[in-house]
Amino acid sequence: MPENEPWEYSLYIPHDLRAVTVSRRTLRLILTMHGLIRLVDVAELLATELVSNAVRHTKGPAGLRVHWSPPGTLRIGAWDADPQPPEPPRPFEGEAEGGRGLALVRACADVWGWQPLARQGSQGKYVWCELSAA
Numbered sequence: 001m002p003e004n005e006p007w008e009y010s011l012y013i014p015h016d017l018r019a020v021t022v023s024r025r026t027l028r029l030i031l032t033m034h035g036l037i038r039l040v041d042v043a044e045l046l047a048t049e050l051v052s053n054a055v056r057h058t059k060g061p062a063g064l065r066v067h068w069s070p071p072g073t074l075r076i077g078a079w080d081a082d083p084q085p086p087e088p089p090r091p092f093e094g095e096a097e098g099g100r101g102l103a104l105v106r107a108c109a110d111v112w113g114w115q116p117l118a119r120q121g122s123q124g125k126y127v128w129c130e131l132s133a134a
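Heads up, the sequence shown is in the numbering used here, so the first residue is 1 and it goes up one at a time.
These are computed hints drawn from the structure, not numbers from a lab.
One should not assume that every hint holds.
Claimed, not checked - Pairs of lysine to any residue residues, derived as SDA-like cross-links and limited to a Cα-Cα distance of at most 25 Å, are as follows: (1) Lys59 to Gln123; (2) Lys125 to Pro85; (3) Lys59 to Gln120; (4) Lys125 to Pro88.
Quick caveat, the model's predicted, so the values are computed rather than measured.
Can you make the complete structure from the sequences, with help from the hints?
Written out as structure tokens, the structure is:
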């Protein structure tokens, strides 16, 4: 499929920390197969942070969505079953091990955001970011 055609992939993720690695490797394969290898490293970092948050901070299933919009925008998003908004990105402070995920997303993505989800009586949220291929 040429880069000038839109496409989208979705991956259902069980509540399992191993899903973060599965998501990252799946994303690498998708981007490689679509000739977008130049975006892989940053996209993997962003997806890892989004999926990690979805799996670590919620109790239900989650999902990864990857969407390409010509002429060159890659949107990566993770949805989960928790309707609470994500914590705002915190500044990088010292050697802290946690709490830097959305700060990394904000620093590495061109734009990011979130939106509430409601589907068939279930609630949740979708946290996304975009990378420009230009």
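Does the alpha-carbon distance linking Lys125 and Pro88 stay inside the 25 Å limit?
14 Å, holds
Tell me if the straight-line CA distance from Lys59 to Gln123 falls inside 25 Å.
Given that 25 Å is the threshold and the Cα spacing comes to 13 Å, the pair holds.
Mind checking the alpha carbons of Lys125 and Pro85 for me, to see if they're no more than 25 Å apart?
Status holds; Cα separation ~7 Å.
Does Gln120 lie within 25 Å of Lys59 when you go C-alpha to C-alpha?
18 Å, holds
The earlier numbered hints are all upheld by this structure, with none contradicted.
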